[in-house]
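Trainee: Read off the chains here:
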Amino acid sequence: MRTSDIAASGLWKAFGDKVVLDGIDFDVAAGSVFSMLGPNGAGKTTTVNVLTTLLKADAGTVRVGGHDVATETREVRAAIGVTGQFAAVDELLTGRENLRLMADLKRVRSAGQVVTGLLERFDLAESADKLASTYSAGMRRKLDLAMTLVGGPRIIFLDEPTTGLDPRSRRTMWDIVRELVAGGTTVFLTTQYLEEADHLADRIAVLDQGRLVAQGTPGELKRQIPGSHVRLRFTSIHELDAAARLLAGATQDDENLTLRVPGDGGVKSLQALLSLLTEHSIDADELSVHTPDLDDVFLALTGRANTEVSAR
Amino acid sequence: MSTDALIMLRRNFKHTARNPVTVFNAVLLPVVIMLMFVYMLGNAFSVGVKYIDYATPGMILLAVAYGLGATAAEVNDDMTKGIINRFRVMDVSRGAVMTGHVVVTMLRSLISIAAIIGVAFGLGFRPSAGFGDWLAAVGVIVAACFATSWLTVAIGLAAKTPQSAAMATVPLVLLPFFSSAIVPAAKMGQGVRQFAEYQPFTPIIESLRGLLAGSPSAGYVIAALAWCAGIGIVGYVWAVTTFRKRV
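Here the protein sequences line up with chains A and B, keeping their order.
For the first sequence, our numbering gives the first residue as 1, with consecutive numbering after it.
For the second sequence, our numbering gives the first residue as 1001, with consecutive numbering after it.
What the hints contain is simulated information worked out from the structure, not anything from laboratory work.
No residue lacks a Cβ here, since even glycine has one placed at the ideal position from N, Cα and C.
Hints may contain errors.
Unchecked claim - Label pairs and their in silico Cβ distance ranges: (1) B:G1219 - A:K18: 53 to 63 angstroms; (2) A:G41 - B:L1028: 41 to 51 angstroms; (3) B:S1002 - A:G152: 47 to 57 angstroms.
Unchecked claim - Here's a subset of chain B near chain A, in silico, CB distances under 10 angstroms, partners left out: (4) R1018; (5) V1021; (6) D1077; (7) I1083; (8) R1086; (9) R1088; (10) M1090; (11) V1240.
Please model the complete structure; the sequences and the hints are all you need to start from.
Mentor: This is the structure we're talking about:
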């Protein structure tokens, strides 16, 4: 069995009257990716701050890399790297100087080589000697993450690493996380996007108002939430009935004249569905493919819609 | 100084070098003000001695004050832009972060003071100070730089935004004008005169004036050093407690 790199139990934190973390327990296996999924204000950043020694919990224990965050702060700090929600780069230094600053503070040997290596790995070599203030949001995030990796920390915390990034930069970020894990690093990441957690994580925990409402592998979680489906709208109740008789397992909505057909929404299955309808001369007025998103997760797990999640 | 402090110092030094506004405010502006007072207004003031000899010590303090706004803004920038959390997770001590700012502020002040003194000599400044007087004058200057730097770091830590941090140092920049820097306090109107006589910049400037003229007044020197110690201690304690509260 693999050892656990991050273990939180009974984590509790309040700011004044407001309880932010209400008894959280989880466990992250060494060399795995653990994703904490939740909307703004769920307590994700507070969790990261407690795990990374920046904030003290009011109750509960956390061990990171085998050390207690409250009493063995120094040992914990030596083992971790943190990339916060907002890029913490020095804008008046160049990319190279930012990395060099980290290398110097961590007393890394042959710092020049380490810095050059990271610049190349993160595709920043061309802009290495430009001030970070001239970097795009995606480049800044990359530099931020590269700075976190100086000195090769064993456990990495990423707080919403792709929020505000364009799709391409997001993909790059995902590739980097996968590489890290392949190299044996443990990654704890928070996100608002189900898709991201699904792509990257070995285990997902869903955080809502300071409580973990679900925990498991992406597969386990998805079984708890409605899967993707195709929605067909018809012009008459007659056609709706005919289609419903044809497609077993579909859910009929007489009021809106729609039919929910479970399926993965892929091209093949859509083609099959459409040709089946054509074969029986049933005319669908409108078709839409629906994949589960954070709203569905929250609706399924908490029984209420998640109003705060930002549109993507 | 610890290695971390040296690394932070190098970082702050690069910041200063890359920010022309900082250099302008700290070095050129005091020189411009000195030229203005000495050339345009100097003849209108009768201060008993050659005006450049009278004004130079005051301009030295003005140079110290003008460099402070940039430091307050930079300290605040560090606190509000998230980089401080990175340093904390890396176990960089708060001492190293603050020392870096204090030392760079002092260096910047000393450079601008050197510029002021250089220009003053060009304008006919002829101090009659001996070697010992010069040494003592440098000591008073360094003490004043040190004290105001800590106070400024504290202001930077306490402010909410870099802009408000820079604004909060404006009183420090104005204080020399309401001291004996430009004209003797005795020539000022009721109210302003009392203020000028009892505010910290006056004894500091008067002690420098005495030392550079070769006729130091022990009373002013002691008062100057006492003010510097007081301001320095208040600034240091304020900075350390604010730092602890903030992060």
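Trainee: Could you work out which earlier hints the structure fails to respect and list their numbers in ascending sequence?
Mentor: 3, 5 and 11
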